[in-house]
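Go by the hints and put chain G onto chain V.
Those protein sequence lines, which keep their order, are chains V and G.
In terms of this note's numbering, the first sequence opens at residue 1 and continues consecutively.
In terms of this note's numbering, the second sequence opens at residue 1 and continues consecutively.
Hints were generated in silico from the structure; no laboratory data involved.
Model, not experiment: these values are computed from the prediction.
You may find that some hints are simply not true.
Said to hold, decoys possible - Cβ-to-Cβ under 7 Å is the rule here; a few derived chain V residues that face chain G:
1. 15
2. 24
3. 48
4. 64
5. 66
6. 164
7. 194
8. 197
Claimed, not checked - Listing some non-contacts, in silico: residues in chain G with all C-beta distances to chain V over 10 Å:
9. 1
10. 2
11. 6
12. 7
13. 27
14. 91
15. 95
16. 99
17. 104
18. 139
19. 156
20. 160
Backbone N, C-alpha and C fix where the C-beta goes; we use that ideal spot for every residue, glycine too.
In case you want the letters, here they are:
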Amino acid sequence: MYRKQVRRRRAVLALLIVGSFVLLTLTYQGSRGLQSGVSTIFSPVQSVADRALKPARDLVDWFDKTFDARGENSRLKTQLVKAREQAVAGQEALQENAELRKLVELDRGPALASSGYKEVIARVIGRSPTLWRSSVVLDVGSGDGVRVDDPVISGDGLIGRIASAGPGSSQVMLLTDHDSAISAKVVPPGVQGVIKPEVGNPEELILDFIDSTKDVHGGMAVVTAGWRAQGLESLFPPGLPVGEVTQASIFEREAKEQVPVRPYADLRNLDLVQVLTGGSRE
Amino acid sequence: MIVTPKILTRLLAIGLLGVLLQLSFFSEVELFHVSPDVLPALVVCLGLLGGSMTGAVSGFAIGFFVDCLLVEALGITSLVLLGVGYSAGLFRERFEIHNTLVPALLCMGLTFAAELGFGLIQLLLGLDAPLSPLIIRDLLLKSVYAFFLAWPIYLLVRRVLRPALVDDPKVQRRRQPTVLGA
Chain V
1 MYRKQVRRRR AVLALLIVGS FVLLTLTYQG SRGLQSGVST IFSPVQSVAD RALKPARDLV
61 DWFDKTFDAR GENSRLKTQL VKAREQAVAG QEALQENAEL RKLVELDRGP ALASSGYKEV
121 IARVIGRSPT LWRSSVVLDV GSGDGVRVDD PVISGDGLIG RIASAGPGSS QVMLLTDHDS
181 AISAKVVPPG VQGVIKPEVG NPEELILDFI DSTKDVHGGM AVVTAGWRAQ GLESLFPPGL
241 PVGEVTQASI FEREAKEQVP VRPYADLRNL DLVQVLTGGS RE
Chain G
1 MIVTPKILTR LLAIGLLGVL LQLSFFSEVE LFHVSPDVLP ALVVCLGLLG GSMTGAVSGF
61 AIGFFVDCLL VEALGITSLV LLGVGYSAGL FRERFEIHNT LVPALLCMGL TFAAELGFGL
121 IQLLLGLDAP LSPLIIRDLL LKSVYAFFLA WPIYLLVRRV LRPALVDDPK VQRRRQPTVL
181 GA
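Bound-form chain G, shown alone:
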């Protein structure tokens, strides 16, 4: 991804909008008693489209912003989401994405990993209450929601960042080298 000031502004807008939507909408609605978490999916999409650096930095920034708005311990969400973004970016750099199912499956897997990561950090920081078996149901449902939400998020993010995507088919088509004199 070629990050110009214009693209950076777009990335900031995507992050801001994603966080506001998550805190004011997705966290407050429930389907089968579980709220969807779109932030790991958003970071995965940014990592898949922009690479590991973009994924890690946007994960860190989005996590920082979430913790600031929720007035919670800074650093926890940043640490988890930067791992998610970096992993998604690394996947994109190592493997070719041929199948349209890949982003959705990756969003599902990494949302599951992100929730486990949150749990692990909370356990390390001290968890004074017993765990309910229902947490497994919630973890699975959150991952399933991420699978379905990944499609619109991926398409939307790709559309917004299209000018910066070097390997996007439409951009490549537009950038066909012209032969002088032809």
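Isolated chain V (complex conformation):
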């Protein structure tokens, strides 16, 4: 009797393990119908749960942020001084830019407007629990015009791109996901590179493959490069803010040809975001 039980238990275990591998194989073959169906059924429930639990989440976040506030305060003060200096320089540059545009009769808006993207506002209704993947679920999907590879931004800057889209929900691969790689450039020097994550560190990205001969230092802004060559085009329009270069050692900059970048968007606390649909890819 006991042996029979053990045999049955082992059979069920083997069946479940085989089932997991079958599911994994099916996913990598591109079959996502089942997931899409389940997520369509449950995304309204998830959306309601997300809204209902928001006050409780805010309460926990308040405690966490209070702990962080002390260290953040002195850093922000230093940043404010730098930002003031940059704002003054920026005002001058804007004035000069307007005059130059007049001269060459250019009347183009920001990169985003000229590339014809439409913004779809979405709410984050779920987040991956494991350390090894960095993705969130949005309450908009293909029914709202969202397509795979559409860029996703928050009020602060780029946060990632759509990895998969179902009828009523979609999954965003965040900049910190290990599969993410974005072509970006440092402004003002215009040094180009690839933004990659460091798995397990949501507060820092790496700008890899940069030209070590150019001067890149802390505080410089990193934006999407938005290249176009031989019929191929970057998934992201040019000029979307990504983050700022933090202090990099000479070894990192010259031997490894990479610099650390702090993302502008707080990727750990996302609530409302925008999906940029359409654009020049359509």
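Structure of chain G alone, referenced to chain V:
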């Protein structure tokens, strides 16, 4: 555990509620920059109360549901959580649980193992980015959170599944055999 249709419904409700709470609440809150992961702890509690079969099947089902809702590669979470549930169930079948610390310690250890398992599968499937040393801090903190969250989860799951637990002291007390004629 005696699994009747009523108990099966309760198990499904526990799984559904656990997954929704994890994705909409626990994954989105942070304490010391780390979000708690209650799912391995929930599966451990189910395994401890229901045995290895219940643990493995509920781990597989919860993992499948998580992957469906996150629209991620199916099978990874199922594989990890079924291992967690089976191990917890096997522990319960092999050893007597006398100390109330055991479920919490087991939740802590198996949450750590689950995160390592996820990492191992991701490495096997190809990890294109460098690893940050911070991941060790995150792994440890997640396990510590699991230790503290294990108490309420274990008590809640035991309360919901009490009618099906054959070795629960209160159930045993209620099922004292009556002697005819006494």
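Going down the list of hints, with the structure as the test:
1. 15: 9 Å, violated
2. 24: Holds: closest Cβ of chain G sits about 3 Å from residue 24 of chain V, inside 7 Å.
3. 48: Given a least distance of 9 Å, the restraint on residue 48 of chain V is violated.
4. 64: 5 Å, holds
5. 66: Violated, because the Cβ-Cβ distance from residue 66 of chain V to chain G comes to roughly 11 Å (cut-off 7 Å).
6. 164: 5 Å, holds
7. 194: Interface hint status for residue 194 of chain V: violated (11 Å vs cutoff 7 Å).
8. 197: Cβ of residue 197 of chain V sits 5 Å from chain G, so the hint holds.
9. 1: Given that every Cβ of chain V is farther than 10 Å from that of residue 1 of chain G, nearest at about 13 Å, it holds.
10. 2: 15 Å, holds
11. 6: Answer for residue 6 of chain G: holds, closest chain V Cβ roughly 22 Å.
12. 7: 17 Å, holds
13. 27: Residue 27 of chain G not clear of chain V: closest Cβ-Cβ about 4 Å, inside 10 Å.
14. 91: Label holds. Min Cβ-Cβ 14 Å, cutoff 10 Å.
15. 95: Given that every Cβ of chain V is farther than 10 Å from that of residue 95 of chain G, nearest at about 17 Å, it holds.
16. 99: At about 26 Å from chain V, residue 99 of chain G clears the 10 Å cut-off, so the statement holds.
17. 104: 19 Å, holds
18. 139: Label violated. Min Cβ-Cβ 7 Å, cutoff 10 Å.
19. 156: Consistent with the label, residue 156 of chain G stays out of reach of chain V, its closest Cβ about 17 Å off (over 10 Å).
20. 160: 19 Å, holds
Of the numbered hints given earlier, the model fails hints 1, 3, 5, 7, 13, 18; all others are met.
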